[in-house]
Each structure stands twice: as structure tokens, then as C-alpha cells.
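**Q** One letter stands for each residue in the lines below.
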Amino acid sequence: MRNGSVIRMNRRETVMTALLEIVNEVAGPVDHLDEDQSLVDQLGLESLHLARLVAVLEMELDTDPFTAEVPITSVRTVGDLLRAYDPVVRAPLGDPA
Amino acid sequence: MSDTIDQRPVAVVSGGSRGLGLALVTDFLARGYRVETFSRTESAELAALRVPADPGTLTWSAVDGTDAEAVQSFVAAAVRRHRRIDVLVNNAAVGLEGLLTLTSPATIDAALRTNLTLPILLARACLKPMLARRTGVVVNLSSINALRGQTGVAVYGAAKAALDGLTRGLAREVGPAGIRVVSVAPGYFDSDMTAGIGPEQRRRIVRRTPLGRLGAVEDVLGVVRFLTSPAASFITGQTITVDGGYTC
Ligand SMILES: NC(=O)c1ccc[n+]([C@@H]2O[C@H](COP(=O)([O-])OP(=O)(O)OC[C@H]3O[C@@H](n4cnc5c(N)ncnc54)[C@H](OP(=O)(O)O)[C@@H]3O)[C@@H](O)[C@H]2O)c1
Chain A
1 MRNGSVIRMN RRETVMTALL EIVNEVAGPV DHLDEDQSLV DQLGLESLHL
51 ARLVAVLEME LDTDPFTAEV PITSVRTVGD LLRAYDPVVR APLGDPA
Chain B
1 MSDTIDQRPV AVVSGGSRGL GLALVTDFLA RGYRVETFSR TESAELAALR
51 VPADPGTLTW SAVDGTDAEA VQSFVAAAVR RHRRIDVLVN NAAVGLEGLL
101 TLTSPATIDA ALRTNLTLPI LLARACLKPM LARRTGVVVN LSSINALRGQ
151 TGVAVYGAAK AALDGLTRGL AREVGPAGIR VVSVAPGYFD SDMTAGIGPE
201 QRRRIVRRTP LGRLGAVEDV LGVVRFLTSP AASFITGQTI TVDGGYTC
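Going line by line, the protein sequences match chains A and B.
So in my numbering the end of the first sequence lands on 97, straight run, no missing numbers.
So in my numbering the end of the second sequence lands on 248, straight run, no missing numbers.
To be clear, the hints were calculated from the coordinates, so they are not data collected in a lab.
Fair warning: there could be bad hints in the mix.
Reference excerpt, derived from the structure (chain A facing chain B, CB under 8 Å, subset only) [to be verified]: (1) Leu48; (2) Ala51; (3) Arg52; (4) Ala55; (5) Val56; (6) Glu58; (7) Met59.
Glycine included, C-beta positions come from ideal geometry on N, C-alpha and C.
Construct all of the structure, not just a fragment, from the sequences and the given hints.
**A** Okay, here's the thing in C-alpha cells:
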């Protein structure tokens, strides 16, 4: 169980780091993101940025939650993204557009 | 060697066992690429290209391109091995000849899976490591049958025309990430695929070709080499015809 929570934390960190890197590039220097920030409206990410983020994370984590389990359209906020990669909590996500 | 990162670029070539695919594998190796290829059966020619001292240079897998899961696993293994893909050449395809009404739905389905679904799935999988590194080139092997109607190859031509549509759509989609997508549309060139062309049809093709001969694998190879080189760094979303003027 302990091991499981370490994996969860590491994953969370990996997702955050990859996201921060792209946000930095798009919106300029940022060192902190809030879970309720909107990826598109507030952080200015476009769909190709999200595609790149998912690609980077697939290489790092060897998983792409959007291939089957989760529709990418349901990811609106930083928190939605973190939950999509969380091995324990894959739900609940916001409603698809 | 083991703790330094291998800087050689990586090319994925579908259908590397024979014909143009085999020539592409040979050429990418000569250009210093590591190559990942698959086909349903291996050939002695491809096996001879293996480098026993450095098995990561050329990897061949037995994959039937109509098996979507096997295709996915093939690319995943390639990405795990090399951590990058620089070039994808969608080369594998099957010829399909016959009047549409005399072709069975099962035959049509199998041909579309190899000639259209397979390149789409390979592009989907290979674009990911390209997006991650923000560089890459996808080359789709189309055909002059995508550009001109011809009796007996309507389904083959339809799949190739669809592939050109994929080229244009993807070029827009991934261009902003520094990735280029191009089609090469060869005329008839000698390979197993065209081995069935009889002497009379051959003469007719030569007569209609301004440059007065059938194509050779090398003619197509040279264009793929150019398109995957920095010399072509401002070309994307186009179909380059290599047919000796047949369609002009
Ligand atoms: N030859 C021409 O005149 C001509 C003209 C225009 C365009 N083209 C295009 O150029 C490309 C190369 O043609 P080519 O003449 O070199 O063809 P080829 O000699 O028939 O070789 C086709 C290659 O694709 C592989 N392949 C076919 N079906 C496959 C499947 N289901 N799964 C995995 N691999 C498969 C074959 O290996 P296995 O059979 O072992 O699987 C072989 O390595 C094709 O896209 C073709 O449509 C050719």
C-alpha cells in the first residue's frame, strides 16, 4: 500500500513537471499550477500542446489513458489531467463538451 | 558505449522484407539510421542486413499489418528500445486487381486494412515520439492510381487517394510541432507487386511514359531520401509523383 502511494505521488509529479514545461513555453514562466485552473482558457494550451503532453507522458509512464478509458474531451482542468493519470482514481471527471 | 546515449536517428519502415521496403531499409542503414521494420515473412536479403555485433541497428519483427494490436506493440517496443522515432515510411501494401463487382467484400476489407488502416495506425503511434521531440517526417507511399482512374484498381486507388488525404490533414495537424508529412506517388516500377504485368502491358506503359521506361526501385528511393533530408525541410502536405511523366 505504501509502495502504491509512492507510485501515485511520483506519477503526479511526472505529470505536473511535463505540464509545467509546456505551460512555461506557452504562457511564460510559471512555477505553480492550481488544480482548478483551466488548461485551455486560463493556461492557453491548444489541442496540439495537449497531444504533445500526452505523448511525452506515454514515453515516461508507458501509459496513455486516452486510448481507451478516458475521453480527452473530459479533461478541462489541471486536476482533471492529474486524475486521468492517477492509477487509483480515474474518475470523476467533468462532463465532455 | 553502454552508458552513452545512442544519437543515431531511427527510421520505421513497414514492409521491409522485399521490393522498395528492402531498398529503403538498406538505404537508411547506409545513412546511419537505426531501422525498425516488419513484414509477415522475413527474407534472406533482409536477414543479411542484420548486424550481429549491434542488434539494435536493425530490428525486424514478424507482424501482420492487419493485426492492429500487433502493430501497436511493434511501435511500443521500438519506442522503448530507442526512445525516439525520426522517420516513418508507410511502405507496406498489397496489390489488388479486379473489377469491383467481381471482388469479394472480404478481399476488399483485407486490402483496405493493409493499405489504409495500417498506415493510419502506424502514423498515430509513431507521431507520438515525434511530437514529444518536436521533429520527424512521415512518408506515405501512394501511387499514380490515386491520381488517375484506371480499370481494375479502383479499390487500390481509393486507399492510396485516402492516404494522400491523410498526408494533407496530418501535415496541417502536426506542422506546428515541426513534423512534416508527405506522399510519394510512384508510377509502375519493378518489384514483386508488378511481376504479373505481361509484356504487352509493359510495352503500353513504356509507350505512355515520356521518359520511355518503367521505373526502378532506385527512382523512388532517391525521392524518399530527398524528402527525409534537410534539403526538403520546407516541404509538407504534398504528393510527389515519380512516374517518368506517365501522368503529365
Ligand atoms: N511496384 C509498383 O509499381 C508500385 C507503384 C506504385 C506504388 N507502389 C507502392 O509502393 C510500396 C512498395 O511496393 P513494392 O512494389 O515494393 O511492394 P512489394 O514488393 O509487394 O512489397 C510489399 C512489402 O509489404 C509487406 N506487406 C504486405 N502486406 C503486409 C501485411 N499485411 N503486413 C505486413 N507487411 C506486409 C511485404 O512483406 P510480406 O508479404 O512478407 O508481409 C513486403 O515486404 C507500396 O505501398 C505500393 O503500393 C508500388
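**Q** Hints the structure violates: just list their numbers, smallest first.
**A** No hint contradicted; all consistent.
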